[in-house]
Amino acid sequence: MPRRISIRQSVMAADEKIAGLLRRKLSEKKILMLNLIGSPGAGKTALLEATLKGARFRSAVIEGDIATSRDADRIARTGTRAVQINTRGGCHLESHLVQKAMEELDLDGLDVIFIENVGNLVCPAEFDLGEDMKVAVSSVPEGPDKPLKYPHLFSRAGAVLLTKVDLVRHIGFDRGLFWGDVEGLNPLARKLEVSSLDGSGIQEWIDLVEKWVGEKRK
Amino acid sequence: MHEFSLIEAVIDSIEERSREGSWGRITKVTLKIGEMRQVIPEILQFSFSVASKGSSMEGAELVIIELALEKRCRSCGNSWKGSASRCTSCGSDDTETVSGMELEIESVEVEE
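Protein sequence lines, in the order shown, are assigned to chains A and X. At position 149 of the first sequence the residue is numbered 149 (my numbering), and the sequence of numbers has no breaks. At position 80 of the second sequence the residue is numbered 80 (my numbering), and the sequence of numbers has no breaks.
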């Protein structure tokens with residue numbers, strides 16, 4: 001007869017342990033870490049470029065992509081330190097990858113680390129990277145039905161950003177449906193509309209990140 | 001497609017326990033997976049059959065217990081199924097998730 005052994009352990013125990021270590025380290029150094037999650041083409045990199053140009057806080061960016069260093073190159077052109085992680089087919093970042101990337105950063109000179117996760121609305125939401133907050137990035141051309149179709153990300157995000165709002169007048173967008181569903185899933189999330197192209201909402205977003213930086217320093 | 005990563009983590013942690021406890025061949029692995037974990041059981045099964053090759057659980061049965069999303073209101077104690085984040089009875093947003101977020105290795109069966 002086989003013997004049954006009770007385990008009752010989280011599947012991701014090893015990765016959660018590393019995420020915990022990173023969280024402690026970031027607490028000591030008083031660095032805010034934001035994990036940006038959205039579809040390919042949602043405008044995550046453009047949002048970061050616009051943020052970094054206008055921000056007063058000291059930032060670094062960890063870029064997760066399946067291949068190429070295109071996003072890290074774009075970030076580097078803003079004068080911000082960027083570390084590229086290539087997942088070689090992996091659809092999301094995991095904490096041990098972020099740990100390695102963080103070793104390349106000078107943590108004493110930073111207020112914020114932005115992680116740009118692999119473009120994907122599903123898998124990245126599952127993995128704790130040691131961040132303070134997940135930020136859901138959803139763009140106007142994707143359509144207003146994404147929150148209910150991908151409830152896990154939208155219900156766990158600390159902030160939801162609707163990007164490319166300059167396109168609403170060209171292609172239309174049911175704002176009531178989008179924000180109504182976000183509110184239903186996650187009443188406590190901060191909700192913002194931005195356009196990296198014409199700059200609308202970007203200052204509001206920078207102010208919000210600055211507020212979080214201030215809270216982290218306390 | 002994060003199922004493969006999850007299965008690799010499952011196999012790694014069971015292998016570690018197996019080495020520590022000098023277990024024999026593992027014949028059954030039971031996982032508890034919450035509805036909100038966006039895991040497709042068929043892909044998990046397939047990933048397990050591929051990734052377990054050469055490990056102490058090669059050929060073992062994988063049992064997946066799926067748990068529905070259930071929330072509870074901290075204000076009035078009401079509980080409900082589904083993703084509504086405000087209490088379906090009193091409307092409060094002070095709620096907690098009771099089940100649906102599990103991602104747990106529940107148990108294994110080992111040959112004596």
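One or more hints might be untrue.
Listed below are the simulated SDA-like cross-link pairs for lysine to any residue, each with C-alpha atoms no more than 25 Å apart in a straight line [claimed, not checked]:
hint : chain 1 : residue 1 : chain 2 : residue 2
1    : A       : K100      : X       : S13
2    : A       : K149      : X       : G91
3    : A       : K191      : X       : S83
4    : X       : K53       : A       : K191
5    : A       : K100      : X       : E35
6    : X       : K53       : X       : A68
7    : A       : K149      : X       : A68
8    : A       : K149      : X       : G82
9    : X       : K32       : A       : R8
10   : X       : K28       : A       : R4
11   : A       : K149      : X       : G24
12   : X       : K81       : X       : S99
13   : A       : K17       : X       : S92
Simulated from the structure, these hints should not be mistaken for laboratory data. Nothing here was measured: the structure is a model prediction, and the numbers come from that model.
Checked hints:
The straight-line distance between the Cα atoms of K100 (chain A) and S13 (chain X) is roughly 21 Å, inside the 25 Å bound, and the hint therefore holds. This hinted pair checks out: K149 (chain A) and G91 (chain X) have alpha carbons roughly 23 Å apart, not beyond 25 Å. A hinted pair counts as satisfied when its Cα atoms are at most 25 Å apart, and K191 (chain A) with S83 (chain X) qualifies at roughly 19 Å. Taking the CA atoms of K53 (chain X) and K191 (chain A), the gap is near 46 Å; set against the 25 Å cutoff, the hint is violated.
Straight-line distance between C-alpha atoms of K100 (chain A) and E35 (chain X) comes to about 31 Å, which puts the hinted pair past the 25 Å bound. Distance restraint check for K53 (chain X) and A68 (chain X): the Cα-Cα separation of roughly 31 Å exceeds the 25 Å cut-off, and the hinted pair is therefore not satisfied. Pair hint K149 (chain A) plus A68 (chain X) holds up; C-alpha atoms about 17 Å apart against a cutoff of 25 Å. Our distance criterion of 25 Å between C-alpha atoms is met by K149 (chain A) and G82 (chain X), whose separation comes to about 14 Å.
Annotation: proposed proximity of K32 (chain X) to R8 (chain A) holds, straight-line Cα distance about 9 Å (limit 25 Å). Of the pairs offered as hints, the one joining K28 (chain X) and R4 (chain A) holds, with about 9 Å between alpha carbons and a cut-off of 25 Å not exceeded. Taking the CA atoms of K149 (chain A) and G24 (chain X), the gap is about 44 Å. The hint is violated against a cut of 25 Å. Taken as a hint, the K81 (chain X) and S99 (chain X) pair is honoured in the structure, with Cα atoms around 9 Å apart against an allowance of 25 Å.
Using a Cα cut-off of 25 Å, the hinted pair K17 (chain A) and S92 (chain X) is violated, with the two alpha carbons roughly 33 Å apart.
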